Amino acid sequence: MSPDLMIALLTGAALFGIGIYGALSQTNLVMIMMGVELMLAGALVNLVAFWRFLHPDSYAGQMFVLIVMTVMALEMAVGFGVAIARFRAKGSVEMEEAQALKG
Amino acid sequence: MNSLMVILFLLIGAYLVAVLESWLTNGRLHFMAPAWSALSLLGSESVVPRKPDRLFFETAPVLLLMAALLAAAVLPLGPTGGIADLATGALFINAALAYVLVALLMAGWGPNGAYGLVGGWRFLGQTIAYSMLIVMPLTGVAMRAESLLNTDIVLSQQVVWNVIYQPLGFALFFIASLAVSFLPPFDLPTAKGDLAGGVEAEYTGPRRGVFRLARMVLVVSLATATTVFYLGGWLGPVLPPWAWSAIKILVVASAMLLTGHFLPRIREADLLAWCWKLGIPLALLNLLVVGIVILI
Amino acid sequence: MLALIILAPLAAALLIPLLRRLPAAVAGGGAAVSLLASLNLLASASNAIHPALVLSGLPDMPLRLVSTPITALLSAMVALVASFVLVYAVGYMKADPEKPRFFATMSFFIAAMQALVLAGDWVSLLAAWELIGLSSYLLIGFWYTRRTASMAAMRAFLYTRTADLGLYAAVFVLIAASGSSEIPATLNISGGPAVAVSLLLLVAAMGKSAQVPLQSWLMGAMAGPTPVSALLHSATLVAAGAILLIRAAPMLPPEGLLAIGLVGGVTTVVTGLTALGARDLKRLLAASTSSQYGLMLIAVGAGVPLAALLHLLAHAAIKSSLFLGAGVFQHGRDTTTLDGLRGAGREQPRIFAGFALAALALAGIPPLSGFFSKDAVIAAALASDHALLLGAFALGGTLLTGAYMARALRILWRGEHQVRHITGKAWMGTGLAALVSLALVLGLAFPAVESLVEGPLPKSTAAQIAGLVAALAGLGLGWFVGGKRLLGPLLDQARHGFVIAGGMETWVVRPSLAVARSCEQLEHALYQAVLAVAHPARLLARSHKQIEAYLYNGVVAFGRCNDAAGRATRRNDEQGIDGLIAALVRGTVALGTHIRRLQSGLIHRELVMSGAGMVLILVVVMTSLLAFA
Amino acid sequence: MTLLSLQTLFIAFFGVAGVAFGVAVFRTASMMRSALALLFSQTALGAMFLAMQAEFLGVLQIMMMATEMSIMAIFMVMFMMDPGGLGEMEMTHQKRLSIFAGIAGALATAGIALFTEWGAVSATAPDAALQVRELGTELLGRSMLIFETAGVTILTAMIAATAVAMPALARKKPA
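Chains as they are written, first to last, in the working numbering: chain A, 1 to 103; chain B, 1001 to 1296; chain C, 2001 to 2629; chain D, 3001 to 3175.
A couple of the hints might just be wrong.
[As the list claims (entries may be wrong)] With a straight-line Cα cutoff of 25 Å, these simulated SDA-like cross-link-like pairs (lysine to any residue) come out:
#1 2094(C) - 2337(C)
#2 2459(C) - 2388(C)
#3 3095(D) - 94(A)
#4 2094(C) - 2333(C)
#5 3095(D) - 2602(C)
#6 2425(C) - 2028(C)
#7 3095(D) - 70(A)
#8 90(A) - 2602(C)
#9 1277(B) - 3166(D)
#10 1277(B) - 1139(B)
#11 1277(B) - 3150(D)
#12 3095(D) - 97(A)
#13 3095(D) - 2616(C)
#14 1277(B) - 1167(B)
#15 90(A) - 3167(D)
#16 3095(D) - 36(A)
#17 2459(C) - 2444(C)
#18 1277(B) - 70(A)
#19 3095(D) - 2610(C)
#20 90(A) - 3165(D)
Because the hints were derived from the structure by calculation, they are not lab data.
The structure displayed is predicted, hence computed values, not measured ones.
Using the sequences and the hints, build the whole thing.
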């Protein structure tokens, strides 16, 4: 049991929890996206830690980090696209007001 | 020791650049001008605007200086390298330069003033325009050196400098480095004419001094980067390496200052359009050509 | 060679939007190159030369294109039909301003279909499957400004997508069970996985080949341009399902075969009736397509995929020529309703002759191609283990085919005519003539096909005679009696394409209502039975009043007891079973209301719920993993 | 044998910094501060990667997040009613549930981290230059398909985001 690995994994867990809190509690679309970014960051920390401490010779781990970073960028791009469209249509990105999918 | 030398080098460079700039703006070569203006800035009253975001207001100039210094830290001035010779040096420069944007955003937001804010946001638009033009030419350079180590990059230019090997990349990188250091014609964030100094507008006294210094260091850093990546770094006959570095850096820096002097300011919307519609295709073309030349 | 077949139309599809000039010529060139290549492939296949192309795809799962006798045949068929349809489309689309888009999508579609036909492993088959789904969506919705067209495209896409999940699951099971993605290598699995795979493949084929109950999208797909319908319905999109089953046929276990045969049988009859009641020529043809694919599924279910292949080939030529003919009539009258087309055949006697020949071929009149293939299907059905069932379905389908084709012919021939000039008729006529002649003579090539594929094909004179009689009877009925009278009370249902049979909602709601009703009846009968026992006991007690007080009392007590039991049962029934049903209903309604409230549309609520659902799935997966590890 | 090596110290420091900045994201009312807190949280993670000897990834993280989060900042200021956080607005909802879910998520992941037997920990990592080279071979070899897919996905997302964000009027203009 290495303290380094533990610290990294706990950091990841903490960031993940903060991210969940943020994504669920915020009313603003952009803030929700920040929560999601934090969750992904938690995943990133874990990935790097696993690569470094468990499989330093397998570069698929680093590869995975790159893909997650790509996903973060994608999330930003699409999220902001939606935010702009929403802002144009309604004048705000408060998610309390978005109920079009109500069943 | 080495680090100190490099910092000293940078500071001297920054001072010389400031001399050059004052020469260009005032039309008189006056070696003491920057020193006098620095002294006057230190001595003048330091005004803090009403209701600032104090944290950002105070840290922004320092962060700018840090970013510029960090960018320079991985650039070798001689065969023994600079402060650090990272295995990912060419990428690290990008990372450090990205914080120029952060610093300017903070400096724009911090003082709680309209001019600064507009200046900061303008620089964000400018960043989105130029950032690809830094990364993609650097990819071409790294391709030739088959390494991201900056010393390897310099050594790869022993026969032919990159400026001849990939002139297109050099041109794009040069333009982009003008944009990073918000020199004219890309001086939108500080645009003197229409924004009353932009992000600098609310800074007075020593803070403004730090800001100015940071910007000069930034110019020197970028000149160093251009030298390392495209002009063969310290390589050259007869003179010792550090001298070659110094000469090239000064030449590049004065070229950077001169270029903007004769061009009209470019709106950030136009800059965006040109960079994305023309610059990125050209950068890709550069990559393609370099790739083909390497393979042949 | 293999790559050329796919790359030529693909290149055309890429070139057309770039050039935006002479789209028809480019598309035609691509199709012609593809046609030559596939004919060459067929020729080499007949000399037992089978080239294959292996590309590195996923690790350990290379993508491959193979040429087997079946794939070479199908590829040639697709290329032939596609080229003629393109020739026809030159005329049909003459006045359309969006020609480049049309021809580009068409070429892309052809490329995707060739990839599907030639795919040698499940991964590339899956990819091609998706691509034809996409391109058919684009083509059906070609006139996207018309609301019906975009709706129809959406519906076709959703229906086929839903069924595609079957293919995904089947491919997963296949690869997991056999450890290889190569199609022949996966076909030797057996037991439980084989049954599961065959049912999953059936679901996929049901969606693509428009089998009951997923048939309704095909009728809607008529909203696209006619060449699209001709291509979709004959050799490509719809054929994909049948091709899938034909290629997987060696693996199908008896249970799967029976299911396939039954689905095919039901489809051929139901959609045959739909065609008989159709009021629109293109819808009639669409329903007929479903019906014919039902016949093919019967053949697969009977264990003779070769018969299905033959019918597929014949049907491709026939149905495309029928559609092309219908397109000419449509240009003549600007409508496709049968009422509006009354007498349209007389205006263009030559087109009508082609149409009629194709119709007769479809009905199965010798010596046209449809006769041979249908004969093979009927023979296969009669020789199978479930001869009674499948044979009846096959003969019924044949009868109906004759009937609706005769009906269409009669309507087209009878009625006053009006002469109008049709632009681009020469091109359309050329395409039509080529396809019709293909439909006529294809039957002569069947012996060669049989020897090429080397499959067992049952022959029986009885089947020939039965098939011919059924076809002739159908033709006679259709011509002299007409669809309306023939269908009688079914007419209304058939007009709506048996939506009851196809409507997913009705599928769930109806049976549950029926179950509820029968529960009620059962409970009523129980109650009656209990009363009936109690009643005689009471009568008995009353008539023996005088005999013995004890006995009397005892019997009365017994009677009361029974009576009480009866009443108790009744009450129990009323409150118990009735109440149970009512409670169920109430519970469902309440649950619905609650769930409706969950559906708040608020992103944070939904996020919480999806998170909770994810956790639940994770827990289930983890526990099942831990429990079985 | 020192249990607390310098590396451990650095990892811990940057980890704590990352978490602290992460908390700050949702603790401040100023949108600009919120976005920059996220930026510095990500930067701290980048530094943590560097401390974990994943040099390329660390530098990449630091570089990418700087631009990304700055863009986040401008959007925050654009779309928030109260970007400066001066009006004391309530910008949260279902707070108790969120706190519960956040703590539950963190505890679950932490529990997995703590109670799993991770096996032998490797003490050394490959040299940074070797890492860059190997990652490159990985990207252009075994993982090429995935990498290309990621690239195409980015392109698709760019086009989609632009299409969504374009005002309806500009789209109708003839080209």
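Against the structure, the hints come out as follows:
1. Restraint check: the Cα-Cα separation between residue 2094(C) and residue 2337(C) comes to about 23 Å, which is no more than 25 Å; the hinted pair holds.
2. At most 25 Å may separate the alpha-carbon atoms for a hinted pair to count; residue 2459(C) and residue 2388(C) meet this at roughly 17 Å.
3. Between residue 3095(D) and residue 94(A) the CA atoms are separated by roughly 16 Å; this keeps the pair inside 25 Å, and the hint holds.
4. Straight-line distance between C-alpha atoms of residue 2094(C) and residue 2333(C) comes to about 17 Å, which keeps the hinted pair within the 25 Å bound.
5. Between residue 3095(D) and residue 2602(C) the CA atoms are separated by roughly 15 Å; this keeps the pair inside 25 Å, and the hint holds.
6. Distance hint between residue 2425(C) and residue 2028(C) is fulfilled; the C-alpha atoms sit about 18 Å from each other, no more than 25 Å.
7. For a cut-off of 25 Å, the pair hint linking residue 3095(D) to residue 70(A) is broken: about 30 Å separates their Cα positions.
8. The hinted pair formed by residue 90(A) and residue 2602(C) meets the criterion: a straight-line CA distance of about 15 Å does not exceed 25 Å.
9. For the hint pairing residue 1277(B) with residue 3166(D), the CA-to-CA distance comes to about 17 Å; that is within 25 Å, so the pair holds.
10. For the hint pairing residue 1277(B) with residue 1139(B), the CA-to-CA distance comes to about 19 Å; that is within 25 Å, so the pair holds.
11. Note on residue 1277(B) and residue 3150(D): the hinted pairing holds, with a Cα-Cα distance of about 23 Å set against a maximum of 25 Å.
12. Simply put, residue 3095(D) and residue 97(A) have alpha-carbon atoms about 18 Å apart, close enough for the 25 Å limit, and the pair holds.
13. The hinted pair formed by residue 3095(D) and residue 2616(C) meets the criterion: a straight-line CA distance of about 22 Å does not exceed 25 Å.
14. A threshold of 25 Å between alpha carbons decides the hint, and for residue 1277(B) with residue 1167(B) the separation of about 19 Å falls inside it, so the pair holds.
15. For the given pair, residue 90(A) sits about 13 Å from residue 3167(D) by alpha-carbon distance, which is consistent with the 25 Å threshold.
16. Distance restraint check for residue 3095(D) and residue 36(A): the Cα-Cα separation of roughly 17 Å lies within the 25 Å cut-off, and the hinted pair is therefore satisfied.
17. Proposed proximity of residue 2459(C) and residue 2444(C) is supported: the alpha carbons are some 16 Å apart, at most 25 Å.
18. Under the criterion of a C-alpha separation no larger than 25 Å, the hint pairing residue 1277(B) with residue 70(A) is consistent with the structure, at around 23 Å.
19. For the hint linking residue 3095(D) to residue 2610(C), the alpha-carbon distance of about 18 Å falls within 25 Å, and the restraint holds.
20. For a cut-off of 25 Å, the pair hint linking residue 90(A) to residue 3165(D) stands: about 13 Å separates their Cα positions.
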